[in-house]
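Asker: Make a model of the complete structure from these sequences and hints.
Residue numbers (this note's numbering), protein chains in the order written: chain A, 1 to 253; chain B, 1 to 253.
In short, the hints are calculated from the structure, not lab data. Everything hinted at is true.
List time: in silico DSBU-like cross-link candidates among lysine-lysine, alpha-carbon distance up to 35 Å:
| no. | chain 1 | residue 1 | chain 2 | residue 2 |
| --- | --- | --- | --- | --- |
| 1 | A | K240 | B | K150 |
| 2 | A | K150 | B | K240 |
| 3 | B | K236 | A | K251 |
| 4 | A | K113 | B | K121 |
| 5 | B | K56 | B | K157 |
| 6 | A | K36 | B | K251 |
Here are some chain A residues the structure puts well away from chain B; computed CB gaps all over 10 Å:
| no. | residue |
| --- | --- |
| 7 | S21 |
| 8 | E27 |
| 9 | A72 |
| 10 | N100 |
For each residue, glycine too, the CB sits at the ideal point set by N, CA and C.
One letter stands for each residue in the lines below.
Protein chains: 2
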Amino acid sequence: MISVAIIGSGNVAHHLIKVISKSKNLEITQVFARNKDRLKGLIDPQKITSNLAQIKPADVVIICVTDGSVVAVSKEIAFNNQLVVHTAGSLNLDVLDSKNRKGVFYPLQTFSKDKEVDFSKVPLCIEAENEKDLQLLEVFAHELSSSVYKIDSQQRKALHVSAVFVSNFVNHLYTIGNAICQEHQIPFEILHPLIQETAQKIMHLSPVQAQTGPAIRHDDTITQMHEAFLLEENQKNIYKLLTQSIQDHVKKL
Amino acid sequence: MISVAIIGSGNVAHHLIKVISKSKNLEITQVFARNKDRLKGLIDPQKITSNLAQIKPADVVIICVTDGSVVAVSKEIAFNNQLVVHTAGSLNLDVLDSKNRKGVFYPLQTFSKDKEVDFSKVPLCIEAENEKDLQLLEVFAHELSSSVYKIDSQQRKALHVSAVFVSNFVNHLYTIGNAICQEHQIPFEILHPLIQETAQKIMHLSPVQAQTGPAIRHDDTITQMHEAFLLEENQKNIYKLLTQSIQDHVKKL
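Answerer: The structure is reproduced here in structure tokens:
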């Protein structure tokens with residue numbers, strides 16, 4: 001049995017509490033939440049504390065707070081010489097306070113509270129200062145997912161930037177598509193199959209092979225017409241820049 | 001039985017030939033391909049002609065050539081007073097030559113030759129000059145897909161621009177994510193679940209609700225670190241512009 005303490009009550013904490021609670025080989029001993037109500041119904045209220053100093057040692061202590069609070073929280077922890085990990089894609093291992101043994105447990109997925117996630121398929125990126133802790137993290141991670149990767153801090157930073165492009169920025173392009181449809185009384189659902197197919201395609205083809213559309217065809221008549229059609233400044237600039245980037249990328253291959 | 005003639009041999013023509021051939025109520029009478037070899041194995045060679053003047057009337061004549069060739073091809077057709085439709089998202093109905101009855105049959109999907117598509121779920125956007133032709137197109141379209149929409153030329157233009165954002169541009173963001181991973185010896189597959197989940201999410205949440213990441217959180221420490229991390233100029237500019245656009249969009253809500 002691996003004991004786990006969780007510090008935080010945001011989206012990642014929510015999903016972790018749910019999935020860890022389901023595992024027979026893991027036990028959540030305590031959770032810290034500044035506002036206990038945020039964890040209502042998720043876990044035995046006796047296990048929740050709003051006083052960080054009351055969090056006691058556990059085999060794995062997981063800090064899942066906003067990136068900007070990780071350093072301060074790791075300093076505030078009352079005990080020492082335990083394995084303490086953060087879950088932040090863009091923070092180095094060594095931002096954690098040195099009184100405890102440092103590690104990272106980065107689930108590479110987008111978590112929203114209102115959307116269930118099949119955690120068994122979430123890639124878990126782990127890192128630790130010493131081999132023994134890395135092994136422990138590996139056993140812990142494999143209890144939750146079949147997809148576990150050893151990723152160092154520099155790689156994790158690159159991975160996090162990539163994730164911003166393929167997820168956060170992609171979602172913003174969906175937002176723009178939705179806005180254009182709404183302006184013209186077109187149901188956004190009409191674009192759902194295209195969105196799903198575009199995502200599915202790169203499971204079988206490389207993204208470069210999968211590229212279609214007027215930019216890659218250098219169809220200047222169409223791209224110029226589209227640019228003229230877009231009146232909102234950000235939309236117009238994004239159209240121009242991404243068209244240019246698609247065409248530049250091919251030149252470099 | 002609806003008879004169909006197809007003019008063209010590109011990606012859309014390939015997928016149309018395959019799916020129309022499967023329908024008992026539709027019959028492909030002829031296909032025009034400048035290079036007959038491009039349709040090898042797809043259809044009875046006797047039905048293929050490389051002489052456009054040899055294409056004979058059919059209930060529905062579908063022009064699926066590059067956008068820039070649609071006008072010229074519609075002029076070259078030897079017969080008149082038939083229903084002739086194009087498949088181009090960004091061309092008006094009235095670009096077609098007036099000697100035939102005009103229509104549009106726009107399948108809103110990304111087609112690559114090496115990737116099968118479940119055509120029964122492809123949204124088909126139809127338009128015609130007269131009600132009778134629209135009804136015929138509707139019957140024809142429903143033979144191929146359960147998802148048929150009447151979309152006029154102005155809406156179709158908006159839809160095509162939206163499609164460029166949610167598909168062509170999204171795929172380019174996958175390309176950038178892939179390139180960053182390759183530079184840092186990270187397998188791109190690690191991002192596949194995130195990409196799928198990001199696409200799945202907007203089936204349940206609006207894209208605005210689904211937005212996550214450092215831009216929407218106004219986490220300037222992270223966004224500035226990411227900008228500094230990106231050395232390739234297009235990547236850096238795309239990062240800045242999309243971060244700005246995500247933040248501007250929220251202000252307008």
